[in-house]
Amino acid sequence: MGFREAFDKKDFVVTVEIPPPKGANVVPGIDIAEKILGRVDGVNVTDNQRGIMRMCPLAFSHLLKEMGHNPIMQVCTRDRNRLALQSDILGAGALGIENICIMTGDHPKLGDHPDAKPVFDIDSIQLIKVVRELENGISMAGKKLDGSPRFFVGGVMNPFFEPFELELIKLNKKMGAGAEFFQTQPFFDKESLERFVGQIKGIDTKFLVGISPLKSVKMVNFMNEKVLTRKIPENISKRIESAKDQTEEGVRIAAEFIKNIKDIVKGIHIMPIGIEQYLPYLLDEAEI
Amino acid sequence: MIITKQKNFDELLRMMDGQRSVFIVGCGECATTCRTGGEKEVAEMSLKLAENGKTVTGSVVINAPCLELDTRRVLRQNKNLVDKTEVILVLACGAGVQAVAEAVECSVYPGCDSLFLGNVFRHLYFYEKCSTCGECVIGSYGGICPVTRCSKSLLNGPCGGSVKGMCEVDNKKECIWIAIYDRMKKSNSLDKLAKVLPAKNHSAGTSPGRVINGV
Chain S
1 MGFREAFDKK DFVVTVEIPP PKGANVVPGI DIAEKILGRV DGVNVTDNQR
51 GIMRMCPLAF SHLLKEMGHN PIMQVCTRDR NRLALQSDIL GAGALGIENI
101 CIMTGDHPKL GDHPDAKPVF DIDSIQLIKV VRELENGISM AGKKLDGSPR
151 FFVGGVMNPF FEPFELELIK LNKKMGAGAE FFQTQPFFDK ESLERFVGQI
201 KGIDTKFLVG ISPLKSVKMV NFMNEKVLTR KIPENISKRI ESAKDQTEEG
251 VRIAAEFIKN IKDIVKGIHI MPIGIEQYLP YLLDEAEI
Chain D
1001 MIITKQKNFD ELLRMMDGQR SVFIVGCGEC ATTCRTGGEK EVAEMSLKLA
1051 ENGKTVTGSV VINAPCLELD TRRVLRQNKN LVDKTEVILV LACGAGVQAV
1101 AEAVECSVYP GCDSLFLGNV FRHLYFYEKC STCGECVIGS YGGICPVTRC
1151 SKSLLNGPCG GSVKGMCEVD NKKECIWIAI YDRMKKSNSL DKLAKVLPAK
1201 NHSAGTSPGR VINGV
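Chains as they are written, first to last, in the working numbering: chain S, 1 to 288; chain D, 1001 to 1215.
Looking at chain D on its own, in the form it has when it is part of the complex:
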């Protein structure tokens, strides 16, 4: 799922400076789970915007705004309200924001920052474990992805900068190389780690991605 966090409210007001009427779109999937764009957050946002002098023309939580045809359909159903609006504020990830922007002609602003593709450990605990790099190398590392989980995406071992097993960049995050080592040691596959593994093929993950009928 795509992990998001709501933007600072003052930043939202700055984006909408000079524009008065706002329609809010939320997301029934990821942003609901993240509590950044579900029914409750959309209602709270409506109230806050109204308190700050905006006219909220309406709101809707779309099941999954990234499903573009559904998003178009829902916005068509709300055409009367949308047409009266200068701004649509989308409480979803960047994919949702753009799906909305492609369906309408007015200003569309992101209400959230998209953080990462996250695993849900438990309620509101999210961890990034895959960065959709285009060519999966996890098989060489005991089922753990160093591309994503090492701050430097190192493929041949730790940088040596960790202190007490924690990453030099953030001492709240473990050095994933120690986890890779422990796991491969347990499964007697340290010999795999002893090989010099080749540089990443960054062309495999070139943006913007596109897959049509599997190609």
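Chain S with its partners taken away, still in its complex shape:
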């Protein structure tokens, strides 16, 4: 079953994120992917996430596709100009990659090559539109293409952005440009999620809400200080702090949260930042 099809046929859609390797060794990532084959509807392959250089998502998506997964190739606009983006996307089409998820990408200053030139030639909304035009057989420069790809195109959104009206304006623009599904930043409490579900009521698109198992108290503190607008609830950080194995406890908390929200959302997107090896355990615990 393809990723797009999963939205029609399943009550609860699950995607996970596996980054390409930091190096040429694909074995550990592929090994994790093998263990979850058949249990998830799509696997996001990140694109130098957090501005940290890794293998290209095109190659890793191809490997996942060959083993029977539905790769969702992430494409960010930070590193490539409009020529490079289009040619990689055409390449993805030729390799049978059917799903892409488009985003701006973190600034290189936050990553491991802070001296790099930030590209940002076009933005995520413009790129979504470009992909739709490639499907119509037209390049961004208006030139006719010899053959056109087909994709299920998605984007990302931040449910905690304030003012939320501005985030909604951007969401609507992405939908207008042709995005069909959205993966969100992670939620850590049901109350925030319920509020979000209320806020997006009536918006005709597919949402997969973000879930991140927390690796340690250190990670909780980092997320609270540097990344999140809405803090991780204190009871969660306390549970992790007092656990014998902080990572396992973090995974169990995420699994409990998934079970707890299954009825109120159409699907989830699991981002196990740095602890991908726990994915099978997380899926077990969440009864997926």
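It should be emphasised that the hints constitute simulated quantities derived from the structure, not laboratory data.
Ideal Cβ positions, reconstructed from N, Cα and C, are used throughout, including at glycine.
Be careful, since some hints might not be right.
Claimed, not checked - Below, in silico cross-link-like pairs of lysine-lysine (DSSO-like), each with a Cα-Cα straight-line distance of 27 Å or less:
id : chain 1 : residue 1 : chain 2 : residue 2
1  : D       : Lys1200   : S       : Lys143
2  : S       : Lys218    : D       : Lys1172
3  : S       : Lys238    : S       : Lys218
4  : D       : Lys1185   : S       : Lys117
5  : S       : Lys144    : D       : Lys1195
6  : S       : Lys117    : D       : Lys1007
7  : S       : Lys9      : S       : Lys259
8  : D       : Lys1129   : D       : Lys1084
9  : D       : Lys1164   : S       : Lys215
10 : D       : Lys1192   : S       : Lys201
11 : D       : Lys1164   : S       : Lys226
12 : D       : Lys1164   : S       : Lys238
13 : S       : Lys215    : S       : Lys238
14 : S       : Lys109    : D       : Lys1192
15 : D       : Lys1007   : S       : Lys109
16 : D       : Lys1173   : S       : Lys226
17 : S       : Lys109    : D       : Lys1005
18 : S       : Lys206    : D       : Lys1192
19 : D       : Lys1129   : D       : Lys1079
20 : S       : Lys259    : S       : Lys190
21 : D       : Lys1195   : S       : Lys201
22 : S       : Lys109    : D       : Lys1164
Claimed, not checked - Covered, in the sense of this in silico footprint (three residues per stretch, anywhere, with C-beta under 8 Å from a C-beta of chain S), are these stretches of chain D:
id : segment
23 : 1148-1156
24 : 1171-1182
25 : 1191-1197
As the list claims (entries may be wrong) - A partial selection of chain D residues facing chain S, derived with a Cβ cut-off under 10 Å:
id : residue
26 : Cys1159
27 : Val1163
28 : Lys1164
29 : Gly1165
30 : Cys1167
31 : Lys1185
32 : Ser1187
33 : Asn1188
34 : Lys1200
35 : Ala1204
Since the structure of chain S is already known, use the hints to place chain D on it.
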């Protein structure tokens, strides 16, 4: 105005390694306002170079070194001193440095790093608001330029990475998209923001720029 900051003094000494005599050129406009190349800074630089074993043959603060004909004239007037010099150190922006380099044959080194085209908020408070991109789009954004003031130059809304209204790249800088939103909301023009705005025409700002008689 062009905002500059003086280079680290050790870097200047490394550039001049093996060269002994130095003539210093300052700038009476931008670098004076930035306190990086005015009369006072040129005098301080002369002293510091002398303390570090250099022979300062002379110095001059040119009104605006980027006015090339004026710069040539001033350097001609100082020909006797310049001719005795191995190095000219220019305390001005890169435009000034090159105007000097084109007027002389000796080594010309930049004493400053050029940072940006800046607005002066008040004394020594400079903000970059225009990056001379070649095709002004400010009219679509309530009078605020996202090309320059968004770290990612996004044209269709915020990246979503800001935390508490501050940019993900530098938490001392506001997310300019929130300012654009506030302003357009106040003027009832959010509908303009709802449209997908096209990609930037980067060919309009291709370097090196050249305008002759308006063309």
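We went through each hint and held it up to the structure:
no.	hint	result
1	D:Lys1200 to S:Lys143	holds, 18 Å
2	S:Lys218 to D:Lys1172	holds, 24 Å
3	S:Lys238 to S:Lys218	holds, 12 Å
4	D:Lys1185 to S:Lys117	violated, 33 Å
5	S:Lys144 to D:Lys1195	holds, 26 Å
6	S:Lys117 to D:Lys1007	holds, 22 Å
7	S:Lys9 to S:Lys259	holds, 20 Å
8	D:Lys1129 to D:Lys1084	violated, 42 Å
9	D:Lys1164 to S:Lys215	holds, 24 Å
10	D:Lys1192 to S:Lys201	holds, 24 Å
11	D:Lys1164 to S:Lys226	holds, 10 Å
12	D:Lys1164 to S:Lys238	holds, 24 Å
13	S:Lys215 to S:Lys238	holds, 13 Å
14	S:Lys109 to D:Lys1192	violated, 31 Å
15	D:Lys1007 to S:Lys109	holds, 22 Å
16	D:Lys1173 to S:Lys226	holds, 15 Å
17	S:Lys109 to D:Lys1005	holds, 21 Å
18	S:Lys206 to D:Lys1192	holds, 26 Å
19	D:Lys1129 to D:Lys1079	violated, 39 Å
20	S:Lys259 to S:Lys190	holds, 11 Å
21	D:Lys1195 to S:Lys201	holds, 22 Å
22	S:Lys109 to D:Lys1164	holds, 19 Å
23	1148-1156	holds (count 6)
24	1171-1182	holds (count 3)
25	1191-1197	holds (count 4)
26	Cys1159	holds, 4 Å
27	Val1163	holds, 6 Å
28	Lys1164	holds, 7 Å
29	Gly1165	holds, 7 Å
30	Cys1167	holds, 9 Å
31	Lys1185	holds, 8 Å
32	Ser1187	violated, 15 Å
33	Asn1188	violated, 14 Å
34	Lys1200	holds, 8 Å
35	Ala1204	violated, 14 Å
Hint compliance for this structure: hints 4, 8, 14, 19, 32, 33 and 35 are not met, and every other hint is.
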